[in-house]
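Q: The primary structure of each chain is shown beneath.
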Amino acid sequence: MATQHSRSAARIMMAPAVVLLLGWMLIPLTMTLYFSFKKYLPLRGGDLGWVGFDNYVRFVSSSAFWPSVQTTLIIVGGVLLITVILGVLLAILLDQPLWGQGIVRILVIAPFFVMPTVSALVWKNMFMDPVNGLFAHLWKFFGAQPVEWLSDAPLFSIIMIVSWQWLPFATLILLTAIQSLDSEQLEASEMDGAPPLSRFGYIILPHLSRAITIVVLIQTIFLLAVFAEIFVTTQGSFGTRTLTYLIFQRVLESQNVGLGSAGGVYAIILANIVAIFLMRIVGKNLDS
Amino acid sequence: MGQITLKQITKNFGDVQVIPPLDLRIDDGEFVVFVGPSGCGKSTLLRLIAGLEDVTSGAITIDDRDATEVPPAKRGLAMVFQSYALYPHMSVRKNIAFPLRMAGLDKAAQNAKVDAAAKVLNLTDYLDRRPGQLSGGQRQRVAIGRAIVREPDAFLFDEPLSNLDAALRVNMRLEISELHQTLKTTMIYVTHDQVEAMTMADKIVVLQAGVIEQVGSPLELYHTPRNKFVAGFIGSPKMNFLAGEYAAGYGAATIGVRPEHISVSSSEGAWPGKVGVSEHLGSDTFLYVDIDGVDEPITVRSSGEISARHGDNIYLTPDVSKIHRFDNQDLRIA
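Same order as they appear, the protein sequences are chains S and L. Heads up: the first sequence is residues 1 to 288, going by the numbering used here. Heads up: the second sequence is residues 1 to 334, going by the numbering used here.
Quick caveat, the hints were computed from the structure, so don't treat them as lab data. Nothing here was measured: the structure is a model prediction, and the numbers come from that model. Certain hints may be false.
[To be verified] Listed next, the in silico SDA-like pairs over lysine to any residue satisfying Cα-Cα at most 25 Å (straight line):
(1) L:K74 to L:E151
(2) L:K94 to S:P206
(3) S:K38 to S:Q249
(4) L:K94 to S:S198
(5) L:K74 to L:A108
(6) S:K124 to S:M160
(7) L:K94 to S:G193
(8) S:K38 to S:I268
(9) L:K203 to L:G235
(10) L:K184 to S:G193
(11) S:K38 to S:R58
(12) L:K107 to S:I268
(13) L:K94 to S:S209
(14) L:K94 to S:L138
(15) L:K107 to S:G201
(16) L:K94 to S:S183
(17) L:K74 to S:I204
(18) S:K38 to S:V69
(19) L:K94 to S:S61
(20) L:K94 to S:V69
(21) L:K74 to S:P196
(22) L:K119 to S:K124
(23) L:K107 to S:P206
(24) L:K184 to L:R226
(25) L:K113 to S:S198
(26) L:K74 to L:H180
(27) L:K113 to L:T182
(28) L:K107 to L:R93
(29) L:K322 to L:V294
(30) L:K107 to L:S162
(31) L:K238 to L:R173
(32) L:K238 to L:D202
(33) L:K94 to S:P195
(34) S:K38 to S:S209
(35) L:K74 to S:P195
(36) L:K238 to L:K184
(37) L:K238 to L:T182
(38) L:K113 to S:G201
(39) L:K74 to S:K124
All chains should be built: construct the whole structure from the sequences, respecting the hints.
A: Have a look at this one:
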């Protein structure tokens, strides 16, 4: 990008992508903002005019709001915890030379390619079904009463399903990070008298901190918007209504576009708060 | 104490035997250099001594104790790696203190030892920095510091200077030699650079394909190489080899003459030739001379003032008393 000419050529060539991206983000965002200040009930009178901040007040003062925020955070936190811890362990395991490594790696990564709706249905019907599910059979084999997963432990069930989907992603990123660890560092620490656990704590884990940061950041962004897994399993009942699901219910089940849009704006704010928060805590790792 | 003995050591990687049965004795306080072309097994040998690789058969004794099955940390050896292998997320102080921390020393004792090592290595001002903020030479010193604080029976160096630039390499070479004089600890040093080997070693071990070709002091290897390989490997620029009728006159299959043992003349001499490239270093001039019946140009070291130009006719005369003779097995004829 040295000359004036190449710079302007670069700008022209980038323009379509930039315009498309801006349109992609700006149009939905503006529409959400626009509707959030209107009383808009498609099946009950349509556009009923501007209402100021009415929708915002109603959305927050609804008894469903704070529980849904809490549910969202529990799901995000739970999935992050499980995927990062298991991801690190799996990455270490997959880094060891073992027979059939290629196939094992593909198998580990496979869940990531399954669509959320499909994987949630598979879990719901094939694993967690209290009559015919694999878990029910397992429980019965040991003479225990099958657990009704989705009604008895609904949040845990959803966290499990979502974790299963995201574990491959975490494992993949952490595995590449582990593979980039200089083996001489491990050998040096071995000669320095560090037992395996110390080698993990002092060498491997610090080396992974950057990759863990990336996993946490990317997953948080996607996990805040988890929807299909809830839609096909509990439909938001039994305390599994996340903020995303609440917005969906407001817009489509209650047919209140204005109220839902206001919720959407809250969701944007929440996501940004979480993002800033995360950047502050762990983003430091990315600089060093 | 740091006396290390290798008895009939072998090492296989899969079906490939990289080190055939090998015996070696390293005395306490010696500076031993393993030297050889890349892939000759010198690093593997060092890693066997360190315990980072298991021997396939044979025994390693350190100070008369059998160390063959002893884990690396318990052998009392410290190693400096080619990549330095510093811990990037720890400060220099923590890096140097790491082996002490692992040994369970209390904080005060750790700090005292780290400060002492830092003083020896001129690192006192850098103790709070991260390795990433240091230059190559400083990193190298941190790696050495981490080895020193353990007060090992022997130091192992795995090509420690190969990542440094030429000027720094000369400096570090001196510093390591100096360190050996002060500590008087056994040091085993692996390098592919024969200059490093010649300048630092008490004893050089020349390896080729896992086999020890010769063990001896630098000057022993220089003056009486056991075979053609050692003769060609030790000395810089390398020895010239002449076969055929040139060698027949001396009753050998091949003769070797070092560049510094050939005199040049523009009018008369034993071997007439044509000057090829000449390298003027100021103090010396290296001439590459093509002579009849020899494929490789003959390297000649002459004074810096010589004014030979490309294509000039020239006469070479070897110093007959310094000619090395080799039989058809490439072994030296005494």
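Q: Hints first: check each against the structure and report whether it holds.
A: Each hint tested on the structure:
1. L:K74 to L:E151: Measuring from Cα to Cα gives roughly 13 Å; hence the hint holds.
2. L:K94 to S:P206: Distance ~14 Å between L:K94 and S:P206 Cα, so the pair holds.
3. S:K38 to S:Q249: Cα-Cα ~18 Å, so holds.
4. L:K94 to S:S198: holds, 14 Å
5. L:K74 to L:A108: Cα-Cα ~24 Å, so holds.
6. S:K124 to S:M160: holds, 11 Å
7. L:K94 to S:G193: With a Cα-Cα distance of about 15 Å, the restraint between L:K94 and S:G193 holds, given a limit of 25 Å.
8. S:K38 to S:I268: Judged against 25 Å, a Cα distance of about 18 Å means the pair holds.
9. L:K203 to L:G235: It holds: about 15 Å lies between the C-alpha atoms, which stays within 25 Å.
10. L:K184 to S:G193: holds, 23 Å
11. S:K38 to S:R58: holds, 13 Å
12. L:K107 to S:I268: Violated, because 49 Å separates the two Cα atoms, which is more than 25 Å.
13. L:K94 to S:S209: holds, 18 Å
14. L:K94 to S:L138: violated, 51 Å
15. L:K107 to S:G201: holds, 19 Å
16. L:K94 to S:S183: This hinted pair holds, its Cα atoms lying about 20 Å apart.
17. L:K74 to S:I204: holds, 22 Å
18. S:K38 to S:V69: holds, 24 Å
19. L:K94 to S:S61: violated, 53 Å
20. L:K94 to S:V69: violated, 43 Å
21. L:K74 to S:P196: holds, 14 Å
22. L:K119 to S:K124: Violated, at roughly 66 Å.
23. L:K107 to S:P206: holds, 22 Å
24. L:K184 to L:R226: violated, 29 Å
25. L:K113 to S:S198: With Cα atoms ~22 Å apart, L:K113 and S:S198 stay inside 25 Å; holds.
26. L:K74 to L:H180: Judged against 25 Å, a Cα distance of about 22 Å means the pair holds.
27. L:K113 to L:T182: Since the Cα atoms of L:K113 and L:T182 sit roughly 16 Å apart, the hinted pair holds (cutoff 25 Å).
28. L:K107 to L:R93: holds, 12 Å
29. L:K322 to L:V294: holds, 20 Å
30. L:K107 to L:S162: violated, 34 Å
31. L:K238 to L:R173: Holds. L:K238 to L:R173 sits at ~21 Å (cutoff 25 Å).
32. L:K238 to L:D202: holds, 21 Å
33. L:K94 to S:P195: holds, 17 Å
34. S:K38 to S:S209: violated, 46 Å
35. L:K74 to S:P195: Holds, at about 11 Å.
36. L:K238 to L:K184: violated, 32 Å
37. L:K238 to L:T182: violated, 33 Å
38. L:K113 to S:G201: holds, 24 Å
39. L:K74 to S:K124: violated, 54 Å
Checked against the numbered hints above, the structure violates hints 12, 14, 19, 20, 22, 24, 30, 34, 36, 37 and 39; every other hint is satisfied.
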